[in-house]
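**Q** Next come the chains, spelled out residue by residue.
2 protein chains.
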Amino acid sequence: MALNKILSGSCIIGQSGGPTAVINASSYGAIRGALDAACITQVYGAAHGIKGVLDDKLYIMDEEDPYELELLRNTPSSELGSCRYKMKDPDVDDTDYRRILEIFKKYDVRYFFYNGGNDSMDTCNKISKYCQKVGYDCRVMGIPKTIDNDLFGTDHCPGYGSAAKYIATSCMEVSKDARVYDTPQITVVEIMGRHAGWLAGAAALATAFGSGPDLVYLPETDFDLERFFSDVEAIYQTNGKVLIAVSEGIHYADGRFVSEAEVSATDGFGHVQLGGLAVKLAEALKQRTGAKVRGIELSLLQRCGAHLASETDLSEAELAGRAAVEAAVSGKTDCMVAFRCARGEGGYRCETELLPLSEVANYEKKVPLEWINEAHNGVTQAFIDYALPLIQGEPERPTEMSLPRYAKLKKVLAK
Amino acid sequence: MALNKILSGSCIIGQSGGPTAVINASSYGAIRGALDAACITQVYGAAHGIKGVLDDKLYIMDEEDPYELELLRNTPSSELGSCRYKMKDPDVDDTDYRRILEIFKKYDVRYFFYNGGNDSMDTCNKISKYCQKVGYDCRVMGIPKTIDNDLFGTDHCPGYGSAAKYIATSCMEVSKDARVYDTPQITVVEIMGRHAGWLAGAAALATAFGSGPDLVYLPETDFDLERFFSDVEAIYQTNGKVLIAVSEGIHYADGRFVSEAEVSATDGFGHVQLGGLAVKLAEALKQRTGAKVRGIELSLLQRCGAHLASETDLSEAELAGRAAVEAAVSGKTDCMVAFRCARGEGGYRCETELLPLSEVANYEKKVPLEWINEAHNGVTQAFIDYALPLIQGEPERPTEMSLPRYAKLKKVLAK
Chain A
0 MALNKILSGS CIIGQSGGPT AVINASSYGA IRGALDAACI TQVYGAAHGI KGVLDDKLYI
60 MDEEDPYELE LLRNTPSSEL GSCRYKMKDP DVDDTDYRRI LEIFKKYDVR YFFYNGGNDS
120 MDTCNKISKY CQKVGYDCRV MGIPKTIDND LFGTDHCPGY GSAAKYIATS CMEVSKDARV
180 YDTPQITVVE IMGRHAGWLA GAAALATAFG SGPDLVYLPE TDFDLERFFS DVEAIYQTNG
240 KVLIAVSEGI HYADGRFVSE AEVSATDGFG HVQLGGLAVK LAEALKQRTG AKVRGIELSL
300 LQRCGAHLAS ETDLSEAELA GRAAVEAAVS GKTDCMVAFR CARGEGGYRC ETELLPLSEV
360 ANYEKKVPLE WINEAHNGVT QAFIDYALPL IQGEPERPTE MSLPRYAKLK KVLAK
Chain B
0 MALNKILSGS CIIGQSGGPT AVINASSYGA IRGALDAACI TQVYGAAHGI KGVLDDKLYI
60 MDEEDPYELE LLRNTPSSEL GSCRYKMKDP DVDDTDYRRI LEIFKKYDVR YFFYNGGNDS
120 MDTCNKISKY CQKVGYDCRV MGIPKTIDND LFGTDHCPGY GSAAKYIATS CMEVSKDARV
180 YDTPQITVVE IMGRHAGWLA GAAALATAFG SGPDLVYLPE TDFDLERFFS DVEAIYQTNG
240 KVLIAVSEGI HYADGRFVSE AEVSATDGFG HVQLGGLAVK LAEALKQRTG AKVRGIELSL
300 LQRCGAHLAS ETDLSEAELA GRAAVEAAVS GKTDCMVAFR CARGEGGYRC ETELLPLSEV
360 ANYEKKVPLE WINEAHNGVT QAFIDYALPL IQGEPERPTE MSLPRYAKLK KVLAK
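Sequence lines, in order, name chains A and B. For the first sequence, numbering that gives the first Met the number 0 assigns the number 0 to the initial residue and increments by one for each residue that follows. For the second sequence, numbering that gives the first Met the number 0 assigns the number 0 to the initial residue and increments by one for each residue that follows.
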């Protein structure tokens, strides 16, 4: 039981890693919660995550207009700026840590909230441990974020539900478009997720609830090109139209990513492609079948598609941010906010819990193999049951002239 | 003044050319109008446009559930199936025309509605003239449709507003995502429109109302690679981030499409690319600047993105379908429905008018040169004023488990 000692001082909130449709909602939850907390004297937003701390570039959140701050809920990407910055082992090189401590002391920072994925939780964990080691009293909390949904210990991650909804909706629309002519056509959609197939699997929601991909390939199993060709050809022979969803991370048994490996010249191309995996596979299928083909990469669109955000995801993202502040204010530290969820007869319920940072940092959660079908070209009902609640609900979307109205922050720099 | 003779018989509605987010709304308008018209005895939908007529594959629309029919309004792509079929000159080869006449007689078809773009209006025109020539009493009406917005004589085309809204919204989201790190990044977004820049120009709506591309290139002017590099580098030097929108149809002064031409080896690649134009330009910019680059192709997503449809576009699309039936029932024939619009002080107003098919078939309407800026890397306020009303309004979107619920038609074949 943590001691509920009142700790007074300022706080820093930082965003890190790849942006999502709802990371700003988490940050809003944390910023709003911190602004409202009596013991938090000043709320700073770090410009570009931990780099903003190192560079002494902190925005004063107290200066922002409350309405504009609230618009962060519906603003995609990381409005404070993000970074991909790997912290060194402090036992090897503690330069960055000493600098961070210097900044923390300069602004009397007693609360540090870091909003990100795997690498960011590693950063958060290292800073937390360093503060403990040097005896600097600062409560450090991780706020999860990643469309990849691969953080360990939490049912799911904020950002995943909205990306999953974007992917499922787009695949449903493409499925309609790709079947419109009475001529043969094969379409390959490439979906993010280098090591985990949570996003690619979401394409199957389209098939389950209307029309979507015939085949879905995840990176959790080895990709076999000949088996892929025969999967596709079996459907192609029957109806002349095939829609395929692939994770960018599919790889051969020897570990080579299909996106990087050369396919043998007889399969259509023997040189390194600049186009992505979708185009590469589509071209190979064109050589095999003679069909008209098209490769579509959902690219950045899938992670910044705020106009298709899931209200469930959005409100949970905000909840995670608020929960981090509440926990820290109540005395907790060195943890990440996680979700514990119930599905089934009683419906979907989600509540937050805290996990020690050291338990979540650097572990990757993959799609369980039993949620992938035996043919390794689709997901099971268990996957659908898992993902479906996460895409539910349409948020109110502030618009101006029917285009999104995003937050406009002043970003006043602290001195 | 057309004679208002009551013509009794059945009708055929066909969809043709590339699908859009709202072509089914036009077809719904025509189908519903025809079902409600006393003089129209039976309503058929042609499977895959004129090919369905030639193949005697007609769906009986009277058999469909009214609720499912109404869902066509929000169902993207061409639900009856589409085709790209070029009709021969009947004076050279009248085989198809004699077959069409045979089918028209078999089903007592006295009304023919064809929903499509330039090529489809050519088909429509030829069939209309043939019926007149052989003295077969059939009222033929074209219903416009094309995301390309290049049909002659009409203020704009159904399908354009929704695609424009998808493009503007996506560019706004990508703009947020592509500027998130404090490291240099250049992003190129490729937009449809082989010969006309209406769609690429719509990307500028994002810039006008929040954040969007810094540079927009349309196919109406010649593309100059060196000028492009200097445009990009000027912005790159200043802020390290550049977002560029290009039409797929940009071409050099000698007419070669940039997407197909080889760029000199010193510019980074000397071999034919499988990846599209965006990747090609992005790679060339990487060679020049050393920046991280990304090419994004909006691909099919921009034409089937019904979840971002413009209500203005959707209701005008339906209106065009209904107007075609009303005009034909009232005695008109051999025309395409067009829009005449007013913008300005009194707000936006749109009404339908009829144009002779022979006047619209085979002409392409391009973006006026005076709506493109002097540097040929953006559009003027006149373009914004033109396009903005067309993207207004959010339609109600029927959903099921937070995913789109599309029409499920029985498609009962006529015998």
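Just so you know, the hints here were simulated from the structure itself, not pulled from any lab data. Hints may contain errors.
Note: identical chains are not told apart, hence a pair may lie in one copy or across any two.
Derived BS3-like pairs (lysine-lysine); straight-line CA-CA distance at most 27 Å [what the hints assert, rightly or not]:
id, residue 1, residue 2
1, 50, 285
2, 410, 291
3, 4, 105
4, 56, 240
5, 365, 285
6, 240, 50
7, 85, 285
8, 4, 410
9, 240, 105
10, 87, 291
**Q** Evaluate each hint against the coordinates.
**A** Verification of the supplied hints:
Taking the closest pair of Cα atoms, residue 50 and residue 285 come within 27 Å of each other only across two copies (25 Å); inside a single copy the shortest separation is 46 Å, beyond that limit. Taking the shortest Cα distances, residue 410 and residue 291 sit within 27 Å of each other only across copies (26 Å), while inside one copy they are farther apart (50 Å). Taking the closest pair of Cα atoms, residue 4 and residue 105 come within 27 Å of each other only inside a single copy of the chain (22 Å); across copies the shortest separation is 88 Å, beyond that limit. Taking CA atoms no more than 27 Å apart as the test, residue 56 paired with residue 240 passes between copies only; the shortest distance there is 19 Å, against 53 Å inside one copy.
Taking the closest pair of Cα atoms, residue 365 and residue 285 never come within 27 Å of each other, the shortest separation being 32 Å inside a single copy and 33 Å across copies. Proximity of residue 240 to residue 50 under the C-alpha cut-off of 27 Å is restricted to the inter-copy arrangement: shortest distance 18 Å between copies versus 49 Å within a copy. In this homomeric assembly, residue 85 and residue 285 come within 27 Å of each other (Cα to Cα) only across copies, at 24 Å, whereas the closest approach inside a single copy is 42 Å. With identical chains, the CA atoms of residue 4 and residue 410 are never at most 27 Å apart, being 32 Å at best within one copy and 70 Å at best between copies.
For the homomeric pair residue 240 and residue 105, neither the shortest alpha-carbon distance inside one copy (63 Å) nor that between copies (32 Å) is at most 27 Å. In the homo-oligomer, the alpha carbons of residue 87 and residue 291 lie at most 27 Å apart only across protomers (24 Å), although the nearest pairing inside one protomer, at 50 Å, exceeds that limit.
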